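*Asks:* Quick note, the sequences are listed as chains A and B, same order. Residues in the first sequence are numbered consecutively from 1, following the numbering used here. Residues in the second sequence are numbered consecutively from 1, following the numbering used here.
There could be a bad hint or two in this list.
[As the list claims (entries may be wrong)] Capping the alpha-carbon separation at 27 Å, the derived lysine-lysine pairs in DSSO-like fashion look like this: (1) B:Lys392 to B:Lys409; (2) B:Lys3 to A:Lys10; (3) B:Lys483 to B:Lys424; (4) B:Lys133 to B:Lys101; (5) B:Lys284 to B:Lys98; (6) A:Lys146 to B:Lys3; (7) B:Lys179 to B:Lys167; (8) B:Lys489 to B:Lys389; (9) B:Lys194 to B:Lys167; (10) B:Lys194 to B:Lys144; (11) A:Lys202 to A:Lys274; (12) B:Lys89 to B:Lys119; (13) B:Lys3 to A:Lys139; (14) A:Lys357 to B:Lys3; (15) B:Lys3 to A:Lys72.
It should be emphasised that the hints constitute simulated quantities derived from the structure, not laboratory data. What you are looking at is a predicted structure, and each value in this text was computed from that prediction instead of being measured.
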Amino acid sequence: MLRETDRHFKFDWLTIILFFLLVGFGWVNILSASHSGDAIELFNFSHSYSKQLIFIGLSVVLIIFILSLEAKFYERFSSIFYLISIVSLVGLFIFGKNINGATSWYAIGSMTLQPSEFAKTATALAVAKYLSDLNTDIKSFSDQLKLFGIIVLPALLILLQKDAGSTLVYSAFFFVLYREGLPQIYLVIAVLAVLLSISALKFGLIITLLVTAFIVLTHHFTRKKRPSFFQPLVVILISGALAFTVRFIYQNFLPVHQKDRITIWLSLEKDPVKLKQMKQTIAYNLNESEKAISNGGFAGKGFLQGTRTTGNFVPEQHTDYIFTTVGEEWGFIGSTLTVIVFVLLIVRVIILAERQKNQFSRMYGYAVASILFIHFNINIGMVMGLIPTIGIPLPFFSYGGSGLWGFTILLFIFIKLDSNRINEW
Amino acid sequence: MRKYILFFFVIIVGIIFIGRLLYLQVFNSHAQSIYDDNAIRTVFNYPKRGFVYDRNGKLLVSNQPSYDVMVIPRDVKPLDTLEFCSLLKINKEQFLNKYNKARHYSPRLPSVFVSHLAKEDYAILQEKMRKYKGFYIQKRSLRKYETNIGANVLGDIGEVNSRDIAKDNYYHSGDLIGKQGVEASYENILRGQKGIKFIQKDIHNQDIGPYKNGKYDTLPRAGKDIKITIDADLQAYGELLMTNKRGGVIAIEPKTGEILAMVSAPTYNPNSLVGRNRSKNFTKLFNDSIAKPLFNRSLQGVYEPGSPFKLMNALIALEENVMSPNEKVTCYHGIKYGNRFMGCHCPSGKRNDMIEGIEESCNAYFLTAYRRILDKYENASVGIDKWSKHVKSFGLGNYLNNDLFVGQKGRIPDREYYSYQYPKTFYSTYTVSNAIGQGEVATTPIQLANMTAAIANRGFYFTPHIIKSIEGDTIPESFKTPKYTSISKENFEPVIEGMHQVYKTGTASSLKIKDIEICGKTGTVENFTRIDSVRTQLTDHSIFVAFAPKDDPKIAIAVFVENGYWGSRFAGKVASLMIEKHLKGEITRTDLEDWLLSHSLENEYAKPYSGKPFKINGQTELQVIPPEEFNKLKQKLNQLN
Chain A
1 MLRETDRHFK FDWLTIILFF LLVGFGWVNI LSASHSGDAI ELFNFSHSYS
51 KQLIFIGLSV VLIIFILSLE AKFYERFSSI FYLISIVSLV GLFIFGKNIN
101 GATSWYAIGS MTLQPSEFAK TATALAVAKY LSDLNTDIKS FSDQLKLFGI
151 IVLPALLILL QKDAGSTLVY SAFFFVLYRE GLPQIYLVIA VLAVLLSISA
201 LKFGLIITLL VTAFIVLTHH FTRKKRPSFF QPLVVILISG ALAFTVRFIY
251 QNFLPVHQKD RITIWLSLEK DPVKLKQMKQ TIAYNLNESE KAISNGGFAG
301 KGFLQGTRTT GNFVPEQHTD YIFTTVGEEW GFIGSTLTVI VFVLLIVRVI
351 ILAERQKNQF SRMYGYAVAS ILFIHFNINI GMVMGLIPTI GIPLPFFSYG
401 GSGLWGFTIL LFIFIKLDSN RINEW
Chain B
1 MRKYILFFFV IIVGIIFIGR LLYLQVFNSH AQSIYDDNAI RTVFNYPKRG
51 FVYDRNGKLL VSNQPSYDVM VIPRDVKPLD TLEFCSLLKI NKEQFLNKYN
101 KARHYSPRLP SVFVSHLAKE DYAILQEKMR KYKGFYIQKR SLRKYETNIG
151 ANVLGDIGEV NSRDIAKDNY YHSGDLIGKQ GVEASYENIL RGQKGIKFIQ
201 KDIHNQDIGP YKNGKYDTLP RAGKDIKITI DADLQAYGEL LMTNKRGGVI
251 AIEPKTGEIL AMVSAPTYNP NSLVGRNRSK NFTKLFNDSI AKPLFNRSLQ
301 GVYEPGSPFK LMNALIALEE NVMSPNEKVT CYHGIKYGNR FMGCHCPSGK
351 RNDMIEGIEE SCNAYFLTAY RRILDKYENA SVGIDKWSKH VKSFGLGNYL
401 NNDLFVGQKG RIPDREYYSY QYPKTFYSTY TVSNAIGQGE VATTPIQLAN
451 MTAAIANRGF YFTPHIIKSI EGDTIPESFK TPKYTSISKE NFEPVIEGMH
501 QVYKTGTASS LKIKDIEICG KTGTVENFTR IDSVRTQLTD HSIFVAFAPK
551 DDPKIAIAVF VENGYWGSRF AGKVASLMIE KHLKGEITRT DLEDWLLSHS
601 LENEYAKPYS GKPFKINGQT ELQVIPPEEF NKLKQKLNQL N
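Looking at chain A on its own, in the form it has when it is part of the complex:
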């Protein structure tokens, strides 16, 4: 047993340092993005950067609170947390406030709170709890179904509030399930389905089907033990149906703005003039954000010196597009360092998760790493034009209280769990 005075040394300080690095650098960039030309007033709370300072202060309070609670508390009450967050998501349908087309906020006075930011943590806890139960077998289909249920329920509620970006985050749990033994076939099917969908959109139905048939049949005829001909035929048929459905949804059911984003991402518009026009109008954000990043060059324009940042050329720059500020003002050096710090943090969480003796802690840690990874991947990928525009915040960086607190809770519950592994014998 460790002595009482040594207890706080059990926390993984590397993770905590990385966390504060990101939050601190994030704030510097929010300051730059939301300030334009006039003097900096830290305590004028009409400025976003001043508000964010409060949010950061409150999150420190949160951290102390989370770390002071008993580690077992989180495991034991995980179902309660899950239930509360589901109720709060449902409650949005009645009390929710609509901001930017999504009904994802509770408004208390001038303060707004976004329950979906906390639902991720709750879901992570619930998945870890259910999966670590001795009676759960991930190989059994019924348990797989129940796990999917736990994940899909909040995701569905968020989708119904028209926040497609946050819904996508729940795909992070796939990594957790896979790590814990979800059969290989799911991964294969998932990857193939994504490839098939992209191909169906980009190259059309006929080419996609021909290529699929060719691959499937080649595979079939080169096998030593050849199963009945029925099997490849079904695969081709299902592929065809999927490809058709994807195209059909893209053409008829997808909201216009989402359709356009995909069109631009995959360059589906044949007419180059029209495509360029689309880039300047529909993909205005993306166009401006790429320009801002590229404007930074190797060394960047310097703190508060980014011309496109100062001129507010990039909309939503202090929230989802915060990385453009890094790109313009800190250049290739600053952006690369930011990417590296993110990668280090995620990798550190994975390493910590892997060394957990307690199954619950390991699975929760894995969920934390996956969620952070999905956010990091989608946000920066979007800002740099690698994937279609999906509006989700960059963890610890983007402006916003709910987001910051959500990620703080998510990460620090794990740090607490990790600090407790010594007691898990």
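Fit chain B to the given chain A structure using the hints.
*Replies:* Below, chain B alone, put in the same frame as chain A:
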């Protein structure tokens, strides 16, 4: 394996992101230049453009302020439109029109509301301007021509076009650049260096302060003043004499190559290309395809030189030793060559030596000389190349490489030039027209003036140029070094004596000026045009070259008057008067002056466009201008003196 899948993904994504950053920020970073960054507005601070003075220090071109009323539609507050319109001298309809146009362009950006306010209007408006929110006055600088002369010399400035911008990155859209004349050739000296201010913009294109507190801003540097070689008084006099005529006059100071006067007629008032009416007036001048006022006839007009070119043949014949000054050639009212005949106005049986040949401009004499030059060598092919080389050493047949904005090569043929027409055989008889300055020979007035200067100098010339001095700078060395011709000094004397005789007893004897020893040569050049694709002969061009005084030449001049008939009729008079004006400063031959001012060639120029058959040369009557118009010209003349 399952343990590492997420780890693997994270690393891969990190690498992809860094790769993308590398592409966006290092390899494809396109906005490093602050000029290209559309978040930065570049504001230019234009310096004073240099002044232009004439050789005697008389100010020719300066600057004048011009005031534009600007509007930012978004900032406009309700106003007393009636009063505002009356101040701007527009009506309410125009006001709304202009306002809507500006708002349509951009509600946040300034647009020109009324341009080029008159100075008086500006004074009144300035006091009341504070009442009209959203409007302000912007000062601009325009060129001011202090005289009405020398439009073709001074040139004008106008907005740069896309070609100028592509050629020199100093220029940006909206900048002004010299378009013609001295303004164009000394653009780099006159313009100075503009100052640049960088201003940070926001997404609405509004200014939000200096970029990096003005760290990169530069101050403008004023343009330098220049002095040109033109004598404003002589230039004005020449332009007046050429009223109602078409053609060019070039006067050169032989000792320096400085151009004293450069007249191109018809001309225009340079002030008409300044300010509000620039584009309207320019279009009018540009579209005048008959009189072509923008065509600088003294530099660009390529004409057959006619008889003055006989001087060249005389010089070459002496240099090549195929004629001696005293040898006589008999003229039979012309001369036979091969089985053809070239006419001449000499009485049949007249025997001319070189001096008489020049004095009488005898075709027979120069045809003989020309044929002897070509036949001196084994064949005429070698001969004509020798001949061509001599001629070109006078600066004919090529660009003069001077500081004038336009120019023409003219044409001095050699054997190669004829190789298409005469691929095999080539005899001296084939090209005899060159002997009398017709046929394939063609020159511009400035080349002829330069040739005359070279004769006056007895064998060398300075490249004719227009720059006298540059404030705090020197003029190019090439303008100060003499160019030697291939004719030796002693061979000039008989030719100059011949030219002197032209004035004494020859074709220009009626143009004598008291107390000035002038050497000259007349020219009468046949010319043709196409009317409805029929080759039609027009009245001959009147040409004259001269220099004076004979032994200490101070001025060499070439005058070209289109369709003026014979040499001394128009061109000779102009040349004599300009020489007198330059050397004496006053005119004794006012009879010549009156004659020139009272006679017009406009009816002659109208003939080819009349659509009717017409007569030429001797069968026509010279147009005399109405007395009131003549009095007006006389008045102008009195103002000059």
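*Asks:* Are there hints from earlier that the structure breaks, and if so, what are their numbers?
*Replies:* 3
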